[in-house]
Each structure stands twice: as structure tokens, then as C-alpha cells.
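J.: This is what each chain is made of:
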Amino acid sequence: MKLAYEAEDEAFRAELITFLDQNTPTEVGTRDFGSDGSDGEDIVPEWSRKWQAQLFDAGWMVPAFPPELGGRNCTPVQTLIYLEEIARRGVPRSLHFPGYAIVSPSLLEYGTDEQKKLVPAAVRGDTIWCIGMSEPNAGSDLAGLRTRAEVHDDAFVVNGQKVWTSYAQVAQKCCLYVRTNPDVPKHKGISLLIVDMDTPGIEIRPLRHITGAAEFAEVFFDDVIVPRENLVGDLNDGWRLTQGSLAHERAGLWVEGVARLEQSILALVDLAKRLGADRDPVVRREIAAAYENAASLRALGYKGFASFAQGSSAPEHSYMKMATSEASQAVFELGTKIQGSYGAVVDSERGEENGRWIRGFFTSFAGTIAGGTSQIQRNIIAQRILGLPRS
Amino acid sequence: MDFSLTEDQVLLRDTARGLLVNECPTTMLRDHITDPSAADRLTAHLGEFVGLGGGDLTDLAIFVEELGYVAAPGPFFANTALFAPLLAALGSPLLDDVLEGTTTGTVALAGTDGSWRVNGETRKTFVPEADRVEWIAVVDEGPTVRLTQGLPTRLIERVDTTRRLFDVDTTGEKGETFEINPDALAGAIERATVALSAEMVGTARRMFDMTLQYAKERIQFDVPIGSFQAMQHKLADMSLAIERATSAVQYAAMTLTEDDVDRHRATHVAKAAAGAAVTRAAKDGIQIHGGIGYTWEHDLHLFMRRAYGSETWMGTTGYHHDRLADLLIA
Ligand SMILES: Cc1cc2nc3c(=O)[nH]c(=O)nc-3n(C[C@H](O)[C@H](O)[C@H](O)COP(=O)(O)OP(=O)(O)OC[C@H]3O[C@@H](n4cnc5c(N)ncnc54)[C@H](O)[C@@H]3O)c2cc1C
Numbered sequence: 001m002k003l004a005y006e007a008e009d010e011a012f013r014a015e016l017i018t019f020l021d022q023n024t025p026t027e028v029g030t031r032d033f034g035s036d037g038s039d040g041e042d043i044v045p046e047w048s049r050k051w052q053a054q055l056f057d058a059g060w061m062v063p064a065f066p067p068e069l070g071g072r073n074c075t076p077v078q079t080l081i082y083l084e085e086i087a088r089r090g091v092p093r094s095l096h097f098p099g100y101a102i103v104s105p106s107l108l109e110y111g112t113d114e115q116k117k118l119v120p121a122a123v124r125g126d127t128i129w130c131i132g133m134s135e136p137n138a139g140s141d142l143a144g145l146r147t148r149a150e151v152h153d154d155a156f157v158v159n160g161q162k163v164w165t166s167y168a169q170v171a172q173k174c175c176l177y178v179r180t181n182p183d184v185p186k187h188k189g190i191s192l193l194i195v196d197m198d199t200p201g202i203e204i205r206p207l208r209h210i211t212g213a214a215e216f217a218e219v220f221f222d223d224v225i226v227p228r229e230n231l232v233g234d235l236n237d238g239w240r241l242t243q244g245s246l247a248h249e250r251a252g253l254w255v256e257g258v259a260r261l262e263q264s265i266l267a268l269v270d271l272a273k274r275l276g277a278d279r280d281p282v283v284r285r286e287i288a289a290a291y292e293n294a295a296s297l298r299a300l301g302y303k304g305f306a307s308f309a310q311g312s313s314a315p316e317h318s319y320m321k322m323a324t325s326e327a328s329q330a331v332f333e334l335g336t337k338i339q340g341s342y343g344a345v346v347d348s349e350r351g352e353e354n355g356r357w358i359r360g361f362f363t364s365f366a367g368t369i370a371g372g373t374s375q376i377q378r379n380i381i382a383q384r385i386l387g388l389p390r391s
Numbered sequence: 001m002d003f004s005l006t007e008d009q010v011l012l013r014d015t016a017r018g019l020l021v022n023e024c025p026t027t028m029l030r031d032h033i034t035d036p037s038a039a040d041r042l043t044a045h046l047g048e049f050v051g052l053g054g055g056d057l058t059d060l061a062i063f064v065e066e067l068g069y070v071a072a073p074g075p076f077f078a079n080t081a082l083f084a085p086l087l088a089a090l091g092s093p094l095l096d097d098v099l100e101g102t103t104t105g106t107v108a109l110a111g112t113d114g115s116w117r118v119n120g121e122t123r124k125t126f127v128p129e130a131d132r133v134e135w136i137a138v139v140d141e142g143p144t145v146r147l148t149q150g151l152p153t154r155l156i157e158r159v160d161t162t163r164r165l166f167d168v169d170t171t172g173e174k175g176e177t178f179e180i181n182p183d184a185l186a187g188a189i190e191r192a193t194v195a196l197s198a199e200m201v202g203t204a205r206r207m208f209d210m211t212l213q214y215a216k217e218r219i220q221f222d223v224p225i226g227s228f229q230a231m232q233h234k235l236a237d238m239s240l241a242i243e244r245a246t247s248a249v250q251y252a253a254m255t256l257t258e259d260d261v262d263r264h265r266a267t268h269v270a271k272a273a274a275g276a277a278v279t280r281a282a283k284d285g286i287q288i289h290g291g292i293g294y295t296w297e298h299d300l301h302l303f304m305r306r307a308y309g310s311e312t313w314m315g316t317t318g319y320h321h322d323r324l325a326d327l328l329i330a
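Taken in sequence, the protein lines are chains A and B.
Here the first sequence is numbered in the working numbering, starting from 1 and rising by one per residue.
Here the second sequence is numbered in the working numbering, starting from 1 and rising by one per residue.
If a hint is listed, it holds; no wrong ones were tucked in.
Some chain A residues judged to face chain B by a derived CB distance under 7 Å, without partners named:
no. : residue
1   : V269
2   : R284
3   : A289
4   : A295
5   : K303
6   : R378
7   : I381
8   : L388
Cross-link-like lysine to any residue pairs, in silico, SDA-like; alpha carbons within 20 Å at most:
no. : chain 1 : residue 1 : chain 2 : residue 2
9   : B       : K174      : B       : P143
10  : A       : K116      : A       : R72
11  : A       : K337      : A       : D280
12  : A       : K2        : B       : G187
13  : B       : K216      : A       : P389
14  : A       : K273      : B       : I329
15  : B       : K216      : A       : R384
16  : B       : K216      : A       : Q383
17  : A       : K273      : A       : V345
18  : A       : K50       : A       : R89
19  : A       : K50       : A       : A121
20  : A       : K273      : B       : D322
21  : A       : K2        : B       : D260
22  : A       : K337      : B       : I329
23  : B       : K174      : B       : T122
24  : A       : K2        : B       : D8
25  : A       : K2        : B       : D56
26  : A       : K2        : B       : E258
27  : A       : K273      : B       : D326
28  : A       : K2        : B       : V10
Derived by calculation from the structure, the hints in this document are not laboratory data.
The structure presented is a predicted model; accordingly, all values stated were derived computationally and were not measured.
Quick reminder that beta carbons are idealized off the backbone N, C-alpha and C, glycines included.
Working from the sequences, and respecting the hints, build out all of it.
T.: Spelled out as C-alpha cells, the structure:
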């Protein structure tokens, strides 16, 4: 047990800091982490595309990857340092995570040689990917998905509908989960296909987020023909692939969530001071409780990282997404409560910080719903970590 | 930033577990309710480990967490987690005797309001195991420390029957008085606070383990109650609270061991997180046990007693949140 890092890891940090100081685009500072982009703003603006490519070319996009995939073969501890530094500065690597974080690792593990060739462009951000999992009747119960893919000798023919598909309107490619065998138990008849978004028969209808911004979409498939070689992994083995995400970074995925939480708490202290609520004993206690939560979650993240780096499984990580998203929701809500009657004002002349707190509170539900709701996370903790029987 | 245990630390933890499973059964905790000498045998066994009082807090925390798991009674905690660090802060030669096991002591600090802040009151409260040690170190305004023997004590009856806290009347001229550096004193109190937090994590873990096992075994409506989602989500939240507290305590122990700038905040975070974990484990633990959990025969209440005894000692969760707010908001 110790707090300090080794000298070579500090050297890695120093090199990263130099790179970030010299290259971070100025637009980064104008993005408010409490929001998900204001109305009309590009989902993936030009500056962020350039920035992602620059990170890739310099080996700073996914540092644990080899240089040809935008990395520098760094160690797990160095990955943690990397994630800490970019989170501390609020620097996003990319404004579209599916390609580098979910698609690439799955293709590297399960893809054919041809499919693996798609990875560099996915990590560099030259290709934007979306993930087609959820459907109107298959959300938490993902295995209940009904989008059909008829299997022919040389192609699949896809019919059905996806929903809440983030980035669909800007993506070139989709990782699409489809039912290829309706006659077996639901987990056993799912396959994963790579689908070009400009294939005839695909219709995309943007859906606006709770905040008003159009960032996800409904996607309809009408006799869409997908070449046979676009099957990832084995036929009907798609369920296993739904579990994929960036294994190199899984142990550090919490870093950004915790860093944002801590930044929000600092901003909450400023807000309370500005409004004279900093002498209110109830407010003081609530801010301290939020800090206690954030600080102990950071410690839990590090503890999980230590077991991960030693090669053991780290159940700690199952708690992190649920706990940080709920903690952040509570902090944004507290920010609105401190403003009293002005808590719901988003008017730039009358409200605080353009409605940062109430908007952030709305946006916080993305964290507690997307990627497995908090209730589903509790089921997983109870059944997989604590070993309780399924209901 | 490395949270992994060293080989020596794993050995220490396993040794503690092996010893305590035999030497601190709940039957002894029950005997101890009316007869404090029931813990003497355990105290004798623990004598081998008093040296931890002079070592790294990270090691002491691992050991006392196991004491918390069995709700160990007796003066070990007062002696190694309170008295020894105070003597170290004082630079007192008596420390060597404590670490060699030739003498023992406790600390009298809190005044009538029970808060662990230096005060000038003559009656000190919540002094642990004051009648089972040789020395009482009385902390007064100045700050000063008076090393005394033979002061009058009175047991304060609390729900916690596993840790005995006393009123101590410190009037009279007994003992030798020393000045103490305020920062060194604060550091000793922080060390004790983090050690107590570690102990509380152990107590929380014990109640959680008992409850998880019960949830898997108890059948109602033809299925284990642990298959009901209301039970599963309670258990998931209990385990999260305990995981958070475990990590917060470990981090705080590291900051104190390494004199890190974050140590003051980390101490308050540790005690508050441990308080939240141990009270949640107690409340949900009893509820999940149902009627059996409400009985005297069932052991759960022994740990629930310890839980609330510890939550209200050396500053409640609310107290530590307020101190944390003072540091954060100023
Ligand atoms: C911002 C955002 C981005 C998204 N992006 C994508 C994307 O890119 N691609 C994609 O495929 N999907 C995406 N989703 C969809 C997301 O994965 C689903 O919304 C999520 O899995 C929940 O499914 P659902 O909306 O159908 O809710 P439901 O599953 O219908 O859940 C409704 C409520 O019931 C509860 N519930 C359901 N089952 C259980 C259970 N077994 N036990 C206890 N409670 C239960 C849930 O917790 C929830 O409170 C996105 C969602 C959001 C909010």
C-alpha cells in the first residue's frame, strides 16, 4: 500500500502533460461537462475530429494499444495516469465513444482479419460507429431483441427497428445485434453484424434528448442486405459479444465519472458561496456528504484497479458506474435546491451559469439509464458478485 | 497509488482471523456483558500484537478491522490506537513500555458534550476501558497531556456491551503534565479516528456476511428470500456502502502513514463512510433477518450494539461531515 507512483510512471505523466499543454484545442474549454452539447451544435464538430486524429497519430488515443492503433503499449498503471490527467483537465479524447471504446476491442477479439482492418479508422475517429442494441421492446431485456436477419448463402436480409441509437445520424457504420434464429432460447439466436449506414432500406429518424439536443435516433431496417462476411464471430453467438468493452481500460472507466463528480462538487461550493448558502448548516452537511461519497468512490476505484493490475477480477468496478451516476445526479439536484425559486431558471440573464445545474440534473439520467439501468446494476451485483439466486 | 496489500499484510490479516475465530466467539461477548474479565484471555493473546501501536497505521488498520469483525472487547484498541499514538506525539519514553507490553493506558479527552475536541473540563467522558489499564492520559487545554494513575471512573451505560466507556473525574493534582504540539496531538487523534473507522468496517462486514448467508438460506414462499428483488437491492446497497468505506479507510490510513496533504479530509471521509456503512449494515441486517433478528438469542444485536456504539464515538457521521465542510467551504 502506498500513494506515490514510480519514477518511470511520473515520466510518462510528464510527457503526457507536455503534449496536452501544447496541443489541447481551445474549444475544449468551452464545452460544459454538465451538458451534452447545446441545440444545433454538431454532434461531432470538426475540431474534435482533428483532435482525435492528432491524439491517434501521437500515440495518445488509447495508450495501451500499439502505435499502429493510436497507442504506445503502455502499462495498466500508465493507462490509469492517462485517464486521470485527461479527466482532471476535462479533455475529451473523442466526442463519439462507440468506435474506439466498444467496437474496436470486439473486432480485435472476435473479428476476421478483414474486419480487424476497420479498427485503426474506428480508433482514429475517421469512421464514426453506432451501436444498435436497444429496441422498443428490448431495453434492459436486451436478449429479447426482435430485429430479424434472414440467413442466405451470401447475405443477410435485415428487417426491424432499433431505438435510442446514439450517433446514428452521423455514423458510417453500425454494430447491429439481430435475431438470426427465432426457434431457440432467446440468448442463443442472436448474431452481430457490421452494417454500412448508407445501405438502401435504412431509415434514420433523429430523436431529441431530454435536454432538447438531437443526439440519438430511431433506426428502421426494411429488407436491408448485409454481406455474409459482415458477420462478427460465429452465427448465433452474438450474445457473448454484447459484453465487450475496452478491456485495457475497463479498470479505469470510472476515472472520468469520478473526476466530473469532484469538479461538480467544487462548483457547488462556489455556487453556495455566491448565493450566501455557504453558512447554511444543512447545505454544508449535504456538500460534505457529497464529497465523502465522491472521495470514497475514488478510493474504491483505485482499490479495484489494484486487484485488476494484479490479474484478479475486480468486483469493485461493477459498483462504480451505478454509484458515480447516482452520486452525480444527487449533486446536480443539490445545485438546483441551493438556488431555491431560481432552481429551474435557464435564462442566461437571471439564472446561475445558464441553468447548468438543472440541465446537468436532467442529463444525469443518461448515466442512471443508458448502458444498463441502476436497477439492472443492482441485480448484477446481487446475483453475480453476492451470489444470490435469480428471482 | 497502490491499494494492494503486501505479503506481510496478508499474513497479518490471516493471523488475526485465525486467532480471533477461536479467542473471540460470541459466547464470550455474552459473558463479557456482566463480567469484563471474560475478555482477559483474549487480551493476553493480543499482547503479542501491541507493537502495531508504534508501526504504520496501514498495518494497524488491517488488524483492528478484524477486531471489529468479532466486536472484540478489552483494552487493546484504547492501548494501541489511542494511548500509543498519543505517547508517540508526546515523545514520551513510556511508549517503549507500551509497545513491549509491560504497561497499558487509555486516553481521556472528550468533555461533557462528548466531542473529541480539546477542552478545559475536569470531567472527561467516553474514556475507553478506563478501569482495565494502568495509565490514563488526560488531554487538556494548552494543549497539555497529564499522565495519571488511579483516577476515579464511572462506567457509562450504553447499548454497546462490547466496548466499555467511562466518565473520568480528573480533578486533583495527580500525575505529571507535559505540553504537546497541537499538530502532533491532532495527528494522534486522526490516527485513532481512522483506526476506529477500520474497526467499524470490520463490524459492518460481519453483519453483512451474516445477513447475506441468511438471505441465501431462509425459505419463504418456497424460495430463498435472497431471490426477492427488494432483498437483493438492499444487499447490493449494503455491499456498496461497505466497499466504499473499506477503500476510504485504506486511503486515509495511507495518507496518515505518508503525511500526505489530503490526510485531514481523508480522515473525516473515512469516519463518515464507515459510520454510514456500519449503521446501514445494522439496520438492513436486522430487517432482512426478520423476527429472528429481533431476538436476544440471535447474535446480530451484539454487532448492532457495537455499530451504534462506534458511530457515536469519536464524532458521529454528522460531526465529521461538519468538520469536512469546514475544510471544503471554509
Ligand atoms: C442517453 C442514452 C443513450 C443511449 N444510447 C444507446 C445506444 O447507442 N445504443 C443502444 O442500443 N441503446 C442505447 N440506449 C438505450 C439504453 O441502453 C436503454 O434505455 C436501457 O438499457 C434501458 O432500457 P429501456 O429504456 O427499454 O428501459 P426498460 O428496460 O423498459 O426499463 C424501465 C424501468 O424498468 C426497470 N427494470 C427493467 N427490468 C428490470 C429488472 N429486471 N429488475 C428491476 N428493474 C427493472 C428499469 O431499471 C427502468 O427503471 C441509450 C439510452 C440513453 C438514455
